[in-house]
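For this one, chain G is given, so just place chains Z and F on it according to the hints.
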Amino acid sequence: MKPEAAAEAVEPAEGEPLVSIRDLRTYYSIRGSFADRLVGREGGVVKAVDGVSLDIRRGEVLGLVGESGSGKTTLGRTLLGLVRASGGSVEFEGREISGLPERKFRELRRQMQVVFQDPHASLNPAMTIAQAVGHPLQIHGLERDRNQLRARVSDVLETVGLAPAEAYLDKYPGDLSGGQKQRAVIARALILNPVLLVADEPVSMLDMSVRAKILELMLALKRDFELTYLYITHDLATARFFCDRIAIMYLGRIVETGPADAIYADPKHPYTQALLRAIPEPDPARAVPRDLPRGEVPDAASPPLGCSFHPRCPRAFEPCGWESRDLRDLLETRWARLAGDPRVEEEQEAVGDLDGLDRPSPEVRMSAPRGRQPEEVVALLERIRAEDPQEPFWRGVKRLEASGTHVALDFQLPKDPRLQPVDDVSVACHLYGVPESG
Amino acid sequence: MARAMFWAGVGITVFFIALAVFAPLLSRYNFTQYTSGGHRFPQLGHPSAAHWMGTTVQSSDVMSRVVYGAQTELEVVAIALAMSLTVGVPLGLISGYFGGILDRALVLLMDALFAFPYLLIAIVIAFVLATSSIGGGILTAAIAITAAYVPLYFRVVRNHVISVREEPYVDAARALGAPPRTVIRKYVFFNVVQNVPPIATLNAADAILLLASLGFLGYGIQPSQGAEWGYDVSRAVSDASSGIWWTGLFPGLAIVLLVTGLTLLGEGLNETLNPVLRRRRFGRFEFAEREPREEALLDR
Amino acid sequence: MSGDPVLQARDLRVYYGTPGNPVRAVDGVTLDIGESEVVGLVGESGCGKSTLGRGILGLLPDGARADGEVLYGGRNLVTLSSRELRRLRGPDLGLVFQEPMTRLNPLLRISDHFRETLEQHDPSLTDAEVKRRSLETLGRMGIPPTRFRQYPHEFSGGMRQRIMIALALVLRPKLLVADEPTTSLDVIVEGQILALLADLKNNFGTALLLITHNLGIVAESCDRMAVMYAGRIAEEGPVREVFADPAHPYTRELLRSTISLDTTELHSIPGAPPNLIDPPPGCRFHPRCPDAMQVCNQLEPIEQRLADGRRVLCWLHGPSERIPPGAGAPLEREAIGVADEA
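Chains as they are written, first to last, in the numbering used here: chain G, 930 to 1367; chain Z, 50 to 349; chain F, 14 to 355.
In short, the hints are calculated from the structure, not lab data.
Honestly, I wouldn't trust all of these hints.
[Said to hold, decoys possible] Calculated lysine-lysine pairs in the DSS-like style (CA-CA distance at most 30 angstroms, straight line): (1) Z/Lys-235 / G/Lys-1033; (2) G/Lys-1344 / Z/Lys-235; (3) F/Lys-144 / F/Lys-187; (4) F/Lys-187 / F/Lys-214; (5) G/Lys-1344 / G/Lys-1327.
[To be verified] Listed next, the stretches of chain F that the computed footprint assigns to chain Z, with coverage defined by at least 3 CB atoms under 8 angstroms from CB atoms of chain Z: (6) 69–81; (7) 161–169.
[Unchecked claim] Each pair of labels, with its calculated beta carbon distance range: (8) G/Ala-1331 / Z/Glu-215: 23 to 33 angstroms; (9) Z/Glu-215 / F/Phe-161: 28 to 38 angstroms; (10) Z/Ala-154 / G/Arg-1013: 16 to 26 angstroms.
The C-beta atom is built at its ideal place from N, Cα and C for all residues, glycine as well.
Just chain G, with the same shape it has in the complex:
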């Protein structure tokens, strides 16, 4: 349901998108431990952004939604040139900007600006509001006359609602409240007349009663200045209100994207559905147990095989990327659930050390613990399966048997999901079709 204000928005222009991102990758290398480096083993790599393609059309608000570890902030920063991309392309107004040297990028900064999350930390405590908001003009050499500068700063301060401007010009950030600071930050971003504004959680640190004011301001500015927004957030509620299109990210990839209306009306990806279910509603009729996926966002340094969401997905099935760590998860979840039951100790002894399962692989070879037969372990696993055959894990198991001194557990071959069009949106989920190659 689109609210009044946005209905008057300018229709996104047809033709070339303002920003065009193709297969963007931003990887961070983690320095391995000292011992690792001695032996020559490289530290891990965090694939913060792992092959993201999207467009931002002129005049629209694109919402980039995800939880921590999704890569949404890194994506925003890569776009802004604050972080170097490891691969892929970013085009701005048709021009490739991802490999640009810092110097060249600085000119671009006039056209794309950013509003960060924490208003209390975004302003230099040592600069007055006038200095801080006017600084971009000085940096880019756009206004040398002091009086003119002050006049322009006053103008933009009034535009963002900090009126009368004289009351704020010579104050320090410490004298302002959270909402006022965020307005000042927006003023600073606006003073260069940018074309694109990247807003990274602009209201999440503000009180409820203040959020609406800032969001309203941002909508008004969009109208009056024909701005394009990239709105990065974890809060689907404000995103619904604010965005034209939405892209949902999980562990570095886009899992679903499309027009906001379509996504909220009929979310396709199980993760999107979970996100929507999880939002606390100020409605006492709704109770807390909301059928939420278990577990948390996994470590980005070694994501699950296949579809990164599969360990938590209630609808996972054969191709979703089953691997050794899922077996460990299964056993640990079970033992946590049965805490206090003597079976837990028995089973732990029967299975032995689980550390070997930490190296991800679709083939598991577990040796039985000393003095035990692999057949016992197989029997135990079969008993567990019998207790809950609906558990998605079992759909991924292709073969389970004792083989010599080992337990052999093979999973179906993991396949990486790819974004594919379904109705009005694009979803990366095997439920809507499995890609031919892995």
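Just chains Z and F now, with coordinates in the frame of chain G:
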């Protein structure tokens, strides 16, 4: 308590600064002077009306040497501090902000220097420079001390820069398009430099000791170039066995006093400037008498 | 509500000392928490809810003092010595903070944390007992026994919060105070943890005081709620009733400005929360209240009991005989500009 420390430190330091600045006025004689009005001063003379603190084996007036000594100490330390800051702070800023190979090389170098005892570095440098064209004067001593302390400033500034560098407002500055020198100058420097005064003051205290140690060992200021307390103390060692106490006591006392004064000043500064140490003063208050409020009864 | 309340706060005041007048962070709060009840304490930043939560447990920072009554087990916690309070904290009163790393020592394994906690309060327990109870509580929180000997940094934020909660619950306290326990967590994890907290009454028989700024989680997990503004409780009652028909204008405005999936219009409350050193005269909300009457800036409102058991602190609900003649007319005020805004 912090206030008392601070002001005591200020008092003592100002006293010695006054001594140094007004030395020619306050001191009766020159520091190498051994005659006056045709009379040669007594050798190792007791403190007397003419010589309040007695004379040395070379017939110099001890008090004059103490007063002029203040000038030497403060001059050397001031120059040394200025040089250390000029070298250490910018290096720390650049190294901390840019990181990379430059940073790693500098850190390695500075840590290596840091590992050596100050005294050793200072001695080596003083020795080398003394035999060169610069000679054994104030500049040599100052350079020796600088070399010992640059790593300290480098390290302190670099570490603070690294933590400030990650602050959102520095990020925001980059996002605005500010070039590194602007970011460093306006956003990083100001917030980092607040740490420096307490460290510099405590450092000065340490440097006085270092200079005195150099002088004591004979590597400091040459006697002809200036009076120096440490040198005087070393000369006074042999006097002590003869029961001559004034040649060593007064210069020694001067060292202790000045170092203490600077330390108090530095610690006092630290307490007032460092928000972590600062304990806020809480007012005392009383709860107002409750008016008999008619609350809705909550009977349990 | 069945049985006796676990905790009763009566006219509790907590002030912070300043070089000038004190900050009246909690200024006369009366609140009951029943056995196995989940009570939500909701308000925006600076309203005093955190201070109230800590004040109840006697965990006040330097320079703050409390006055009034906090009745627990027949004793007034405000007057207890710190040693006696310390003995109560843990086995009787538990606290969970916002940042899960606060109480977890990075140098100790999880098993050590539990051992320390249990041994401190019941030295007679055997090692096996300690381990059994710890694993059981951890299991209820979803932490598997295979991770018992790991260090805090090996766990994610959500898991650390679960460990914190388990640490608080292993002693089976009668009351757990959770101060913004899910604010720093992702929304799905938040839902999981709230489900755990809402279930405390079933699994542990523990009452919960849930302090938050998020009305959504109060609606879904709490039985009763108290809305706090400027150091006082504006409205308190069963969650269903408060949401269906808010009695206090602040509650109403707060609900309207909450952005949820169904929001079609943006609302905000003009102005900012007041200075707690020198609060406005009369009702503290009157400068921002759309329904303010003249009496509201003259006399402090008197707490009223509504038919459904709710308490509300607002002149709109009377008692009308205490309102001076003519003072029921609307209050004239200047428009609130951004300068006064939050």
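#### Entry: Agreement of G/Lys-1344 and Z/Lys-235 with the hint, judged by alpha carbon distance not exceeding 30 angstroms
51 angstroms, violated
#### Entry: Range hint compliance [Cβ, Z/Glu-215 to F/Phe-161, 28 to 38 angstroms]
About 34 angstroms separates the Cβ atoms of Z/Glu-215 and F/Phe-161, which means 28 to 38 angstroms holds.
#### Entry: Hint consistency between G/Lys-1344 and G/Lys-1327 [alpha-carbon to alpha-carbon, up to 30 angstroms]
Cα-Cα ~15 angstroms, so holds.
### Cβ distance range 23 to 33 angstroms for G/Ala-1331 and Z/Glu-215, holds or violated
Distance hint for G/Ala-1331, Z/Glu-215 is violated at roughly 53 angstroms.
### Query
Checking C-beta pairs, does the region 69–81 of chain F have three or more residues closer than 8 angstroms to chain Z?
holds (count 4)
### Message
Taking 16 to 26 angstroms as the stated bounds, is the beta-carbon spacing between Z/Ala-154 and G/Arg-1013 within them?
### Response
22 angstroms, holds
### Task
Mind checking the alpha carbons of F/Lys-187 and F/Lys-214 for me, to see if they're no more than 30 angstroms apart?
10 angstroms, holds
#### Entry: Hint consistency between F/Lys-144 and F/Lys-187 [alpha-carbon to alpha-carbon, up to 30 angstroms]
22 angstroms, holds
### Query
Three or more residues of the region 161–169 of chain F near chain Z by CB distance under 8 angstroms?
Violated - the region 161–169 of chain F has 0 residues with a Cβ nearer than 8 angstroms to chain Z, which falls short of three.
### Z/Lys-235 paired with G/Lys-1033 [C-alpha distance capped at 30 angstroms]
22 angstroms, holds
In summary, the numbered hints that this structure violates are 2, 7 and 8.
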